[in-house]
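Residue numbers (the numbering used here), protein chains in the order written: chain A, 1 to 361; chain B, 1 to 361.
Just so you know, the hints here were simulated from the structure itself, not pulled from any lab data. Hints may be right or wrong, so weigh each one.
Claimed, not checked - Straight-line Cα separation of at most 25 Å, DMTMM-like style, residue types lysine to aspartate or glutamate; simulated pairs:
1. K36(A) x D12(B)
2. K225(A) x E329(B)
3. K17(B) x D246(A)
4. K225(B) x E329(A)
5. K17(A) x E329(B)
6. K313(B) x E329(A)
2 protein chains.
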Amino acid sequence: MINFTIGPVQMDVETQKIGAQQIPYFRTPEFSAVMKENESLLCRMFDAPENSRVVFMTGSGTASMEGGVMNFFAHDDKVLVVNGGSFGHRFVELCQIHEIPFTEIHLEYGQPLTYDILKNFENQGYTGMLLQLCETSTGILYDMNMVGEFCKRNNIFLFVDAVSGFLADRFSMKEMHVNAAITGSQKALSLPPSMSFTVLDQEAQRRCVAKKVRSMYFNYADYLKNGERGQTPFTPAVATLLQLNDKLKRIAQNGGTLYYNNVMKQRAEYFRAKIKHLPFKMFTPENATSNCVTALSPVTQGVSAYRIFEVIKDEYGIWVCPNGGELAERVFRVGHIGNITEGEIDRLVAVFDDLQKRKLI
Amino acid sequence: MINFTIGPVQMDVETQKIGAQQIPYFRTPEFSAVMKENESLLCRMFDAPENSRVVFMTGSGTASMEGGVMNFFAHDDKVLVVNGGSFGHRFVELCQIHEIPFTEIHLEYGQPLTYDILKNFENQGYTGMLLQLCETSTGILYDMNMVGEFCKRNNIFLFVDAVSGFLADRFSMKEMHVNAAITGSQKALSLPPSMSFTVLDQEAQRRCVAKKVRSMYFNYADYLKNGERGQTPFTPAVATLLQLNDKLKRIAQNGGTLYYNNVMKQRAEYFRAKIKHLPFKMFTPENATSNCVTALSPVTQGVSAYRIFEVIKDEYGIWVCPNGGELAERVFRVGHIGNITEGEIDRLVAVFDDLQKRKLI
Numbered sequence: 001m002i003n004f005t006i007g008p009v010q011m012d013v014e015t016q017k018i019g020a021q022q023i024p025y026f027r028t029p030e031f032s033a034v035m036k037e038n039e040s041l042l043c044r045m046f047d048a049p050e051n052s053r054v055v056f057m058t059g060s061g062t063a064s065m066e067g068g069v070m071n072f073f074a075h076d077d078k079v080l081v082v083n084g085g086s087f088g089h090r091f092v093e094l095c096q097i098h099e100i101p102f103t104e105i106h107l108e109y110g111q112p113l114t115y116d117i118l119k120n121f122e123n124q125g126y127t128g129m130l131l132q133l134c135e136t137s138t139g140i141l142y143d144m145n146m147v148g149e150f151c152k153r154n155n156i157f158l159f160v161d162a163v164s165g166f167l168a169d170r171f172s173m174k175e176m177h178v179n180a181a182i183t184g185s186q187k188a189l190s191l192p193p194s195m196s197f198t199v200l201d202q203e204a205q206r207r208c209v210a211k212k213v214r215s216m217y218f219n220y221a222d223y224l225k226n227g228e229r230g231q232t233p234f235t236p237a238v239a240t241l242l243q244l245n246d247k248l249k250r251i252a253q254n255g256g257t258l259y260y261n262n263v264m265k266q267r268a269e270y271f272r273a274k275i276k277h278l279p280f281k282m283f284t285p286e287n288a289t290s291n292c293v294t295a296l297s298p299v300t301q302g303v304s305a306y307r308i309f310e311v312i313k314d315e316y317g318i319w320v321c322p323n324g325g326e327l328a329e330r331v332f333r334v335g336h337i338g339n340i341t342e343g344e345i346d347r348l349v350a351v352f353d354d355l356q357k358r359k360l361i
Numbered sequence: 001m002i003n004f005t006i007g008p009v010q011m012d013v014e015t016q017k018i019g020a021q022q023i024p025y026f027r028t029p030e031f032s033a034v035m036k037e038n039e040s041l042l043c044r045m046f047d048a049p050e051n052s053r054v055v056f057m058t059g060s061g062t063a064s065m066e067g068g069v070m071n072f073f074a075h076d077d078k079v080l081v082v083n084g085g086s087f088g089h090r091f092v093e094l095c096q097i098h099e100i101p102f103t104e105i106h107l108e109y110g111q112p113l114t115y116d117i118l119k120n121f122e123n124q125g126y127t128g129m130l131l132q133l134c135e136t137s138t139g140i141l142y143d144m145n146m147v148g149e150f151c152k153r154n155n156i157f158l159f160v161d162a163v164s165g166f167l168a169d170r171f172s173m174k175e176m177h178v179n180a181a182i183t184g185s186q187k188a189l190s191l192p193p194s195m196s197f198t199v200l201d202q203e204a205q206r207r208c209v210a211k212k213v214r215s216m217y218f219n220y221a222d223y224l225k226n227g228e229r230g231q232t233p234f235t236p237a238v239a240t241l242l243q244l245n246d247k248l249k250r251i252a253q254n255g256g257t258l259y260y261n262n263v264m265k266q267r268a269e270y271f272r273a274k275i276k277h278l279p280f281k282m283f284t285p286e287n288a289t290s291n292c293v294t295a296l297s298p299v300t301q302g303v304s305a306y307r308i309f310e311v312i313k314d315e316y317g318i319w320v321c322p323n324g325g326e327l328a329e330r331v332f333r334v335g336h337i338g339n340i341t342e343g344e345i346d347r348l349v350a351v352f353d354d355l356q357k358r359k360l361i
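If we strip away everything but chain A, and leave its shape as in the complex, we get (with noise of 0.2 Å):
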């Protein structure tokens, strides 16, 4: 099976052969050294402020959206959060849970966030805003320059979902005065789905370490103690942040995050020129679409994205990524993240040509 979606993606070969491996044991002095390359590659490819510090979540990305809610901010926080599709629509639910006092700006599916929304917002009172890098489900790519700014103007506390953007889009917590940022290992570091990591700047760790958490698991306090000595409090899947550490060495080798960033771009292009003789109509705009990602709409009535979705998996052994809710039938996406070459693209479009062919599309 050839995979285009956006997690697990297809892994590269070094990162298979340890999967290969016996796991070593992990409270020792060489693991924690690691673990502090680990913490110290991905300060630097988040290229996060200096003495920012990792959270290494054995959990999925939503473990780490959840931890980050529930360390970042508390009751008497007012916080803006962007609503542009499915991962947005989990922070609205995370404030709920946690009774954050929060301002939704729900957006269309596939609408830009643009400053005569924000600007709305300006000079309110918010003390915090969550929205994702790149909105996975739609992929959406918001102006994180513009969030920035704004967030900086109005002294506000910025905690980015890049879960899926990372890597595939620009990125800096220095330049986007991102205080804390989330990423999933499945995504485009491209390793096994089991953990996220949060790179936290020093005002998020502050908060952390202020904040007194009703969880164990989610007690990021403790975690950033922990950390001190390259340890978690709880078993990490340990095979993965070997994978990881192999993978941020050979990031950093091959040019770093920016080489990785218009792989990416060039790869998204590519699949973008290559289909535009197709009947499918991109769900966001060009300009404001995240290079991890296409979302495509069928155009010819009557034809369902799921069913799109159904046959190139069952008929010709091809995973694209189907949408859940309430656009499954109306939007699939096809993932550029992970080791995909062209010639695998170049089958992909050959599979939607055929599709046309058979008038299945």
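Mind docking chain B on chain A? Use the hints.
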């Protein structure tokens, strides 16, 4: 390195092979079928009552300990917690954090739970009980038949952390009147660390559905609902779940859990017989010790248990398992779970002999 720790442990070749493979997209009927099979096999291996279900949690064993405390108990419960080591103590902390009224049965490290202790809590209005099957920090094995009878008599909801005991020690939810029990991927199942699994009887499920839990990641009602279609609410450690499927099927083919209990019993006995001449004292009574681990105290004056761990690691290429906290200098542990051969045990015993010659123990 030979690995005698209690997790992550040495994996089977079959498990390693799956670790090297690409990971499939999981929101498919194909993966759902694997998950339904995982659920049914786990229920069978826990000897769970009919209509039991499984919560597949991406997270360490502690994640499922906390999830259980949050989902099964409420502020109007009155629970008994057996605290006989680090993991018992963790249940105490979890009840404190989540404000579940509790009474602690505090045992000395390595002290068995007897009816003489338990009888004081008959007819006292307790509604729940939490304990380990095997307290991994010392290897003490609790008399779960006695505990089960006590809970049944007193109409007490019994939640068992069988994280390290499952497969190593005899365990039956039906016979021991257990309502919910956990195991972890990196223990006797010998998979990579990343997931823990809770088997829930119908009463446990009822409590999850009734409880309005203040968490998204630990909302078990949501896991149960998604589980009906063989899915999880959030991206799980997909590779681990495929490795689980392969392992559970091999367990079933090889004679089931009783066969594995026996393998680990024989392995533990083999090791314990081989070290009788050495200056170590078993930390727990042999008739109340789990098959999963042997905790040893050096008897020679001035010999540090932690130093033994270090020397064996650095000079002989073997990991035994150090203890944390106040037992660190007094106790180290030798695990009997995972893919360990008699030859490897002989090698470890030879290392101990060598240490004795060198007057290091």
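Results for each hint:
1. K36(A) x D12(B): Since the Cα atoms of K36(A) and D12(B) sit roughly 30 Å apart, the hinted pair is violated (cutoff 25 Å).
2. K225(A) x E329(B): 22 Å, holds
3. K17(B) x D246(A): 19 Å, holds
4. K225(B) x E329(A): Roughly 22 Å between the alpha carbons, so the hint for K225(B) and E329(A) holds.
5. K17(A) x E329(B): 37 Å, violated
6. K313(B) x E329(A): Violated, at roughly 57 Å.
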